[in-house]
Amino acid sequence: MAESKNDVRIGVYVCHCGSNIAGTVDVDDLTSFAQQQGSVAVARNYKFMCSEPGQALIKKDIEELGLNRVVVASCSPRMHEPTFRRVCEDANLNPYQLDMCNIREQCSWVHKSGATGKAKALVSAAISRAYYLQPLERREVLVTPAVLVVGGGIAGIQAALKVAEAGHKVYLVEREPSIGGHMIQLDKTFPTLDCSACILTPKMAAVKAHPDIELMTYSEVVDVQGYVGNFRVTIRRKPRYVDESLCTGCGICQEKCPWKADSEFDCGLGQRKAIYTPFPQAVPNVPVIDPEHCVYIQKEGKCGACLKFCERGAIDFTQKEKMVDVEVGAIIVATGYDLMDPSAISRLGYKRFPNVITSMEFERLCNATGPTGGHITIDGKEPKSVAIIHCVGSRDEKYHTYCSRVCCMYALKFAHLIGEKIEGAQVYQFYIDMRCYGKGFEEFYQRASSEAVNFVRGRPAQVTDFAMTPEEKGKLVVVCENTLVGRPVRVPVDMVILCPAMEPRADAKEVARRFNLSQSADGFLLEKHAKLDPVATANDGVFIVGCVQGPKDIPDTVAQGLAGAAEALALIEKGRVELEAATAFVNEAACSGCKICVSLCPYSAITFSETEKLSHINEALCKGCGVCVAACPAGAIVGRHFTDQQILAEVAALLVDTRPATVAV
Amino acid sequence: MVVPSNNWEPTIVGFLCNWCAYQGADLAGTSRMTYAPNVRIVRVMCTGRIDPTFVLKAFQSGADGVIVAGCHPGDCHYSEGNYKTIRRVTLLRKLLSQMGIDPERFRLEWVSAGEGAKWAQIADEMSAAIKAKGPLAWWETLKEA
Numbered sequence: 111m112a113e114s115k116n117d118v119r120i121g122v123y124v125c126h127c128g129s130n131i132a133g134t135v136d137v138d139d140l141t142s143f144a145q146q147q148g149s150v151a152v153a154r155n156y157k158f159m160c161s162e163p164g165q166a167l168i169k170k171d172i173e174e175l176g177l178n179r180v181v182v183a184s185c186s187p188r189m190h191e192p193t194f195r196r197v198c199e200d201a202n203l204n205p206y207q208l209d210m211c212n213i214r215e216q217c218s219w220v221h222k223s224g225a226t227g228k229a230k231a232l233v234s235a236a237i238s239r240a241y242y243l244q245p246l247e248r249r250e251v252l253v254t255p256a257v258l259v260v261g262g263g264i265a266g267i268q269a270a271l272k273v274a275e276a277g278h279k280v281y282l283v284e285r286e287p288s289i290g291g292h293m294i295q296l297d298k299t300f301p302t303l304d305c306s307a308c309i310l311t312p313k314m315a316a317v318k319a320h321p322d323i324e325l326m327t328y329s330e331v332v333d334v335q336g337y338v339g340n341f342r343v344t345i346r347r348k349p350r351y352v353d354e355s356l357c358t359g360c361g362i363c364q365e366k367c368p369w370k371a372d373s374e375f376d377c378g379l380g381q382r383k384a385i386y387t388p389f390p391q392a393v394p395n396v397p398v399i400d401p402e403h404c405v406y407i408q409k410e411g412k413c414g415a416c417l418k419f420c421e422r423g424a425i426d427f428t429q430k431e432k433m434v435d436v437e438v439g440a441i442i443v444a445t446g447y448d449l450m451d452p453s454a455i456s457r458l459g460y461k462r463f464p465n466v467i468t469s470m471e472f473e474r475l476c477n478a479t480g481p482t483g484g485h486i487t488i489d490g491k492e493p494k495s496v497a498i499i500h501c502v503g504s505r506d507e508k509y510h511t512y513c514s515r516v517c518c519m520y521a522l523k524f525a526h527l528i529g530e531k532i533e534g535a536q537v538y539q540f541y542i543d544m545r546c547y548g549k550g551f552e553e554f555y556q557r558a559s560s561e562a563v564n565f566v567r568g569r570p571a572q573v574t575d576f577a578m579t580p581e582e583k584g585k586l587v588v589v590c591e592n593t594l595v596g597r598p599v600r601v602p603v604d605m606v607i608l609c610p611a612m613e614p615r616a617d618a619k620e621v622a623r624r625f626n627l628s629q630s631a632d633g634f635l636l637e638k639h640a641k642l643d644p645v646a647t648a649n650d651g652v653f654i655v656g657c658v659q660g661p662k663d664i665p666d667t668v669a670q671g672l673a674g675a676a677e678a679l680a681l682i683e684k685g686r687v688e689l690e691a692a693t694a695f696v697n698e699a700a701c702s703g704c705k706i707c708v709s710l711c712p713y714s715a716i717t718f719s720e721t722e723k724l725s726h727i728n729e730a731l732c733k734g735c736g737v738c739v740a741a742c743p744a745g746a747i748v749g750r751h752f753t754d755q756q757i758l759a760e761v762a763a764l765l766v767d768t769r770p771a772t773v774a775v
Numbered sequence: 002m003v004v005p006s007n008n009w010e011p012t013i014v015g016f017l018c019n020w021c022a023y024q025g026a027d028l029a030g031t032s033r034m035t036y037a038p039n040v041r042i043v044r045v046m047c048t049g050r051i052d053p054t055f056v057l058k059a060f061q062s063g064a065d066g067v068i069v070a071g072c073h074p075g076d077c078h079y080s081e082g083n084y085k086t087i088r089r090v091t092l093l094r095k096l097l098s099q100m101g102i103d104p105e106r107f108r109l110e111w112v113s114a115g116e117g118a119k120w121a122q123i124a125d126e127m128s129a130a131i132k133a134k135g136p137l138a139w140w141e142t143l144k145e146a
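Line by line, the protein sequences give chains L and B. One point on numbering: in the working numbering, the residue at position 38 of the first sequence is 148, and numbering is uninterrupted. One point on numbering: in the working numbering, the residue at position 130 of the second sequence is 131, and numbering is uninterrupted.
Keep in mind the hints are simulated off the structure, nothing from the lab. All figures in this text were calculated on a predicted structure; none of them were measured in a lab. There's no promise every hint is true.
Simulated pairs of lysine-lysine, DSBU-like, Cα-Cα distance not exceeding 35 Å [unchecked claim]:
#, chain 1, residue 1, chain 2, residue 2
1, L, Lys418, L, Lys461
2, L, Lys723, L, Lys348
3, L, Lys157, B, Lys119
4, B, Lys119, L, Lys638
5, L, Lys619, B, Lys119
6, L, Lys298, L, Lys705
7, B, Lys119, L, Lys508
8, L, Lys531, L, Lys370
9, B, Lys95, L, Lys723
10, L, Lys298, L, Lys531
11, L, Lys619, B, Lys134
12, L, Lys279, L, Lys491
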């Protein structure tokens with residue numbers, strides 16, 4: 111390095127973080143310890159280093175004391191590294207001359223005793239690493255002004271519309287034949303009871319009509335390459351066997367198709383044809399042919415009713431799966447949730463008794479476009495008494511410890527709808543706690559409670575058809591302890607509605623991998639910060655919105671969709687993005703030309719020049735993982751900002767208190 | 002020979018990848034889990050960056066144990082860095098025993114960004130295990146050799 115030892119002037123700043131750090135770590139002791147370390151020009155502590163005065167303190171020292179390295183001992187670098195890098199930049203110090211020392215998340219917050227000693231070791235390590243830090247130049251690249259939205263539920267629809275409204279290109283990819291997601295399956299929405307389809311279909315139509323939105327339904331993202339601002343995404347378009355450009359959506363094909371299958375949209379309660387649109391307001395209003403049930407496909411050319419009757423000749427059995435590449439600057443993942451299959455909890459009788467149904471099945475029964483035309487009937491019989499069981503798989507350590515957040519409210523809605531449609535019906539709510547926390551929710555709870563609803567506090571042990579009294583004969587009996595009176599109850603009813611947990615999608619893990627995201631312990635995708643960065647992720651340029659991040663109701667989901675749009679717009683409107691400078695380079699004098707590094711690089715950033723017999727790293731492709739640095743047998747590859755010298759110095763100083771002073775390392 | 006006193010506590014170095022394990026350790030803090038203060042963390046971008054020399058350097062500098070923790074297989078932020086770590090660690094374990102270091106003083110762990118509790122548990126387990134083994138004081142061995 112160019113500077114001599116005397117030229118290195120390090121400033122160490124210890125943050126109290128109120129009492130978050132100072133309550134456990136002796137910050138004065140730590141500061142005087144830091145002051146005694148070699149090359150440290152100044153060490154100070156302050157209540158909140160990240161505050162304006164704290165930042166000003168550092169800036170002033172850099173300018174007045176001529177500091178050329180800064181160590182901030184505070185929270186995790188994942189929290190405030192950008193803040194303090196900016197402080198350095200403002201004072202004309204290269205931001206990479208900063209080292210953060212994590213004495214909060216990894217010290218004061220997790221240790222009751224011994225925190226000061228550990229903090230000293232960490233600070234000593236940071237100072238030693240800082241000594242070897244080098245100024246680095248950040249690269250700027252242009253951002254592709256387009257956004258990919260994955261998932262066409264309400265979250266994705268909202269995000270896509272907002273980005274398009276701002277005048278940018280949006281690719282909206284949906285796995286199912288139509289957009290709409292779970293919301294379009296719902297009947298009424300709490301607490302206002304507006305019809306779900308009535309409020310959603312205008313938005314769906316707007317998506318279709320918008321010139322800047324390219325809608326790709328019946329399609330899936332299979333590969334994501336690139337980095338923030340410049341992603342290349344491969345989308346698989348499954349064959350619809352119907353030409354979208356020719357189909358007018360007249361529906362004659364569905365009328366004439368003789369083959370039937372259970373309707374996924376109606377949760378298997380109704381049937382659809384082998385060529386179908388999942389529901390009447392589907393967007394796009396173009397049917398798909400389900401190859402599993404289409405006899406033309408299964409038996410090679412037998413049938414073909416749709417072919418014969420389609421006046422436009424839109425049926426095309428020669429369609430093949432297509433791969434489409436798109437380039438975007440930002441990605442919004444809105445892939446939603448799955449409803450838990452409650453047959454896993456066999457004691458509740460789902461799939462064993464036909465009149466035990468899930469909440470989504472009830473939504474379809476209640477809906478005018480549903481299989482019963484909106485009449486709440488099972489096998490033609492209208493229930494006179496209904497039990498609604500809350501928290502099926504939620505708030506249950508055997509399944510999911512989290513609360514699904516929407517069940518209390520839709521259970522109240524169900525009670526209201528049953529009361530509206532079936533005169534004199536008795537409804538029993540089996541609940542643990544009523545959680546009605548949102549705007550207008552408590553009011554709805556009060557309203558629903560004043561109607562004919564019986565609340566039983568307790569988690570039902572069993573749903574059985576075993577009758578112990580004549581009244582129970584032919585009924586389902588919900589067996590439960592009413593915990594408010596401390597007594598077991600048996601409630602005979604005609605129908606049981608289960609409120610199953612909202613779960614991460616079955617393929618959440620693959621989705622996380624495809625977009626390079628993490629999952630939280632509950633399996634939902636992990637946001638950057640639970641409170642202050644709720645839609646950003648660890649992967650810059652990829653945002654998560656809606657239930658893919660955790661259970662949410664419609665208003666929260668919509669808000670997140672808009673937040674995701676704002677994040678994506680902030681990125682693409684700016685037009686440029688700064689990339690990490692911490693990449694690797696080859697010290698050509700030391701490279702022996704062994705080519706080990708070439709095959710290791712996951713980004714194919716290393717090429718080998720046969721003429722020079724040397725490896726070269728393309729820094730635009732390098733992401734700074736350091737795999738090649740560790741593997742180079744000649745030590746010829748340098749990983750910027752994490753050099754061998756920096757890390758080895760850090761390790762030695764980290765352990766300085768563990769060995770006698772006479773032992774040099 | 003270093004004779005441990007009754008209240009001797011081991012010192013362990015943890016090399017944690019920035020994207021999963023380091024975040025997991027941060028989460029343990031945010032969730033205010035408590036664990037033994039024996040593990041001192043060095044942040045690297047990927048476990049694939051970890052040169053076996055770093056581990057040897059830690060032992061030489063006075064560590065009684067070393068943990069390398071990264072993303073679960075398949076979840077690496079850089080696609081496959083942790084697979085390279087697995088390969089390197091296999092050789093490293095052999096090297097450690099050849100150098101007279103009990104390979105059990107070294108651990109490779111997978112900790113996701115959501116697994117704060119797992120990190121706290123690993124730190125406690127490793128601290129207890131190394132405490133039971135006693136001090137390594139490898140510099141003594143190196144001096145003799």
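Hints versus structure:
Of the pairs offered as hints, the one joining Lys418(L) and Lys461(L) is violated, with about 40 Å between alpha carbons and a cut-off of 35 Å exceeded. Annotation: proposed proximity of Lys723(L) to Lys348(L) is violated, straight-line Cα distance about 46 Å (limit 35 Å). The hinted pair formed by Lys157(L) and Lys119(B) meets the criterion: a straight-line CA distance of about 32 Å does not exceed 35 Å. Of the supplied pair hints, the one linking Lys119(B) and Lys638(L) holds, its CA atoms being roughly 19 Å apart against a limit of 35 Å.
Distance hint between Lys619(L) and Lys119(B) is fulfilled; the C-alpha atoms sit about 19 Å from each other, no more than 35 Å. Simply put, Lys298(L) and Lys705(L) have alpha-carbon atoms about 63 Å apart, too far for the 35 Å limit, and the pair is violated. Straight-line distance between C-alpha atoms of Lys119(B) and Lys508(L) comes to about 19 Å, which keeps the hinted pair within the 35 Å bound. Taken as a hint, the Lys531(L) and Lys370(L) pair is honoured in the structure, with Cα atoms around 30 Å apart against an allowance of 35 Å.
The straight-line distance between the Cα atoms of Lys95(B) and Lys723(L) is roughly 33 Å, inside the 35 Å bound, and the hint therefore holds. For the hint linking Lys298(L) to Lys531(L), the alpha-carbon distance of about 13 Å falls within 35 Å, and the restraint holds. For the hint pairing Lys619(L) with Lys134(B), the CA-to-CA distance comes to about 38 Å; that exceeds 35 Å, so the pair is violated. With a C-alpha separation of about 51 Å, the suggested pairing of Lys279(L) with Lys491(L) is violated against the 35 Å cut-off.
Violated hints, in rising order: 1, 2, 6, 11 and 12; the structure is consistent with all others.
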